[in-house]
Amino acid sequence: MDGFWLAAIKVVIAFALLFTVVLFLVWAERRLVARMQNRIGPNRAGPAGMMQTLADGMKLMFKESIDPRRAELAVYLAAPVVALIPALLIFLIIPIGAPITIGSTTYDLQVTDLNIGVLYFLAMSSIAVYAIALAGWSSGSKYPLLGSVRASAQMISYEAALGLALVPVILYNRTTSLAEIVVAQGETYFGIFPAWNIVLIPSFIVFLIAGFAETNRAPFDLVEAEQEIVGGYHTEYSGFRFALFFLAEYINLFNIAALTVVFFLGGWQGPVFGPTFLQYVLPIFWFLLKTVAILFLFIWARASLPRMRYDQLMEFGWKRLIPLSLLWIMVVVVAVGLRRFGLPWS
Amino acid sequence: MSWLDDTLGPWRGFIVTFRQMFRRSVTTKWPEQKRTKPERFHGRHVLNRYPDGMEKCIGCELCAGVCPANCIYVRGADNPQDDPVSPGERYGFVYEINMLRCIFCGLCVEACPTEAITMSNLFELSVTDRDDAMFTKAELLVERDGTPNHNAPAGPLIDLDELKLADGWMRATSSAGRAEYEGIVSWSESAGDSPKSQDTSLKQEEADS
Numbered sequence: 185m186d187g188f189w190l191a192a193i194k195v196v197i198a199f200a201l202l203f204t205v206v207l208f209l210v211w212a213e214r215r216l217v218a219r220m221q222n223r224i225g226p227n228r229a230g231p232a233g234m235m236q237t238l239a240d241g242m243k244l245m246f247k248e249s250i251d252p253r254r255a256e257l258a259v260y261l262a263a264p265v266v267a268l269i270p271a272l273l274i275f276l277i278i279p280i281g282a283p284i285t286i287g288s289t290t291y292d293l294q295v296t297d298l299n300i301g302v303l304y305f306l307a308m309s310s311i312a313v314y315a316i317a318l319a320g321w322s323s324g325s326k327y328p329l330l331g332s333v334r335a336s337a338q339m340i341s342y343e344a345a346l347g348l349a350l351v352p353v354i355l356y357n358r359t360t361s362l363a364e365i366v367v368a369q370g371e372t373y374f375g376i377f378p379a380w381n382i383v384l385i386p387s388f389i390v391f392l393i394a395g396f397a398e399t400n401r402a403p404f405d406l407v408e409a410e411q412e413i414v415g416g417y418h419t420e421y422s423g424f425r426f427a428l429f430f431l432a433e434y435i436n437l438f439n440i441a442a443l444t445v446v447f448f449l450g451g452w453q454g455p456v457f458g459p460t461f462l463q464y465v466l467p468i469f470w471f472l473l474k475t476v477a478i479l480f481l482f483i484w485a486r487a488s489l490p491r492m493r494y495d496q497l498m499e500f501g502w503k504r505l506i507p508l509s510l511l512w513i514m515v516v517v518v519a520v521g522l523r524r525f526g527l528p529w530s
Numbered sequence: 013m014s015w016l017d018d019t020l021g022p023w024r025g026f027i028v029t030f031r032q033m034f035r036r037s038v039t040t041k042w043p044e045q046k047r048t049k050p051e052r053f054h055g056r057h058v059l060n061r062y063p064d065g066m067e068k069c070i071g072c073e074l075c076a077g078v079c080p081a082n083c084i085y086v087r088g089a090d091n092p093q094d095d096p097v098s099p100g101e102r103y104g105f106v107y108e109i110n111m112l113r114c115i116f117c118g119l120c121v122e123a124c125p126t127e128a129i130t131m132s133n134l135f136e137l138s139v140t141d142r143d144d145a146m147f148t149k150a151e152l153l154v155e156r157d158g159t160p161n162h163n164a165p166a167g168p169l170i171d172l173d174e175l176k177l178a179d180g181w182m183r184a185t186s187s188a189g190r191a192e193y194e195g196i197v198s199w200s201e202s203a204g205d206s207p208k209s210q211d212t213s214l215k216q217e218e219a220d221s
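Sequence order for the protein chains is D and E. Mapping the first sequence onto this note's numbering, position 78 (from 1) lands on 262, and the numbers just tick up by one. Mapping the second sequence onto this note's numbering, position 161 (from 1) lands on 173, and the numbers just tick up by one.
Please keep in mind that the hints were generated in silico from the structure rather than gathered at the bench. Wrong hints could be hidden among the right ones.
Unchecked claim - Computed list of lysine-lysine pairs in DSS-like fashion (alpha-carbon distance at most 30 Å, straight line):
1) K149/E with K46/E
2) K243/D with K176/E
3) K243/D with K326/D
4) K149/E with K49/E
5) K149/E with K41/E
6) K247/D with K49/E
7) K326/D with K247/D
8) K49/E with K243/D
9) K149/E with K176/E
Said to hold, decoys possible - Over 10 Å on every C-beta distance to chain D, these chain E residues come out as not near it, computed from the model:
10) C72
11) S98
12) C117
13) T126
All of these numbers come straight from a predicted model, not from anything done at the bench. Here a beta-carbon is modelled for each residue, glycine too, at the ideal position from N, C-alpha and C.
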């Protein structure tokens with residue numbers, strides 16, 4: 185029973201944290217992009233407009249949810265939920281801080297530490313494609329269909345690169361558990377420079393680029409290219425159903441940023457000092473700081489880069505990213521093998 | 013080094029956007045910060061009076077005729093013999109502007125033969141009821157002392173003084189002919205009852221040359 189309540193509390197905290205983060209993420213993105221475009225951005229609701237997302241969410245809740253006449257209603261209604269669930273589930277395995285020991289019990293600061301965490305993440309992000317495909321198909325309209333066809337092709341293509349970018353991480357850290365991957369990154373060079381997984385920097389770059397494509401963000405946002413296909417797969421969705429898609433999109437963005445930190449930037453690793461209380465809080469702080477830095481990169485790219493053409497996107501994914509990943513995997517395999525077994529002739 | 017430029021080109025964009033973050037924004041925090049409007053701003057219309065209190069509108073319907081959005085409705089009527097509303101034969105008995113349709117082109121001002129309808133600087137015209145967007149003579153016509161009327165009381169968004177500012181068309185077609193003729197009144201304030209002052213500056217210039 186204890187385990188159940190602990191899990192329940194963790195889930196509630198995780199969800200509360202996730203929704204709060206997303207709330208501020210949307211606001212921060214709007215403010216930052218506005219600043220980069222010499223605008224002010226939302227500044228009305230709450231201090232500096234921080235409550236803008238909440239206000240928008242409330243507005244969407246009270247708006248009419250339209251059922252298009254030609255929609256496949258059952259699938260049409262299920263799609264937003266299918267979009268949200270994998271997004272929420274991925275967050276459950278992300279360690280947001282160092283384990284806390286109170287008395288004789290140690291609490292992990294993640295809802296659950298799966299020993300196949302990496303595979304779980306890849307599986308969940310594959311399921312997210314279903315939501316988009318179903319939403320586009322069931323809307324019974326051409327723009328959503330085009331958007332979902334693009335999204336499916338894009339996400340499947342870049343998922344290959346995403347998965348391949350994680351192979352060196354697994355090989356190098358010799359585990360697929362996210363908590364252990366973070367622990368394995370605790371070493372330092374010369375005692376001061378954090379080692380993290382910086383030696384895997386090609387993987388980091390590939391993962392980040394594939395992450396942009398997975399979250400359908402600029403410069404890979406042709407899934408929702410407003411100029412061509414209105415809103416893409418969620419064109420026909422209104423009211424709270426649209427809000428669910430929107431929420432899922434930003435939760436996915438946060439997840440990808442957090443996972444980039446977990447896999448390559450040492451997760452919650454960072455200088456820890458001071459009293460016990462600070463020792464528990466600082467890892468969380470480092471984790472969030474790194475995540476925010478990656479999120480800033482995502483937002484920055486959105487304000488800076490133009491959208492890619494569809495053939496460019498496919499060419500970049502299949503002809504550049506995937507061969508590069510494969511090559512890099514071979515390099516890592518040889519290096520890891522040499523380190524572990526020594527030269528074959530010695 | 014064109015290949016270097018080609019490779020670096022997209023990445024330079026990142027520097028540009030980062031730099032822009034610390035620049036002053038071009039938009040302002042309206043309504044706390046209101047920027048000065050252009051000299052010939054096209055805002056809400058006002059119907060003017062002569063200095064003696066007579067309405068300038070003669071009910072000729074030229075404004076309604078020229079309106080490209082068909083938003084002006086005018087009905088003229090004969091002036092009562094004993095208490096004329098306007099100098100002349102007829103006056104504007106009904107005068108309505110549908111602000112939902114108006115495109116603020118100012119053609120009505122140009123068409124008006126008596127400068128009865130002019131535009132002011134007020135643009136905060138949002139209403140919560142579509143019927144409120146129908147401006148009738150009660151809102152459009154200025155009082156005898158020159159104070160303008162409006163369909164809503166003055167507030168943080170509505171500065172009724174902006175209704176008193178002169179129309180750009182009036183400035184542009186004033187005898188001075190130039191909008192930047194500051195300090196030299198050669199047009200009458202839109203909502204005001206002041207007579208057109210004699211344009212002495214032009215004579216001065218002629219005398220100089």
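Tested hints:
no.	hint	in the structure
1	K149/E with K46/E	holds (28 Å)
2	K243/D with K176/E	violated (38 Å)
3	K243/D with K326/D	holds (27 Å)
4	K149/E with K49/E	holds (26 Å)
5	K149/E with K41/E	violated (33 Å)
6	K247/D with K49/E	violated (36 Å)
7	K326/D with K247/D	holds (24 Å)
8	K49/E with K243/D	violated (33 Å)
9	K149/E with K176/E	holds (17 Å)
10	C72	holds (45 Å)
11	S98	holds (46 Å)
12	C117	holds (28 Å)
13	T126	holds (44 Å)
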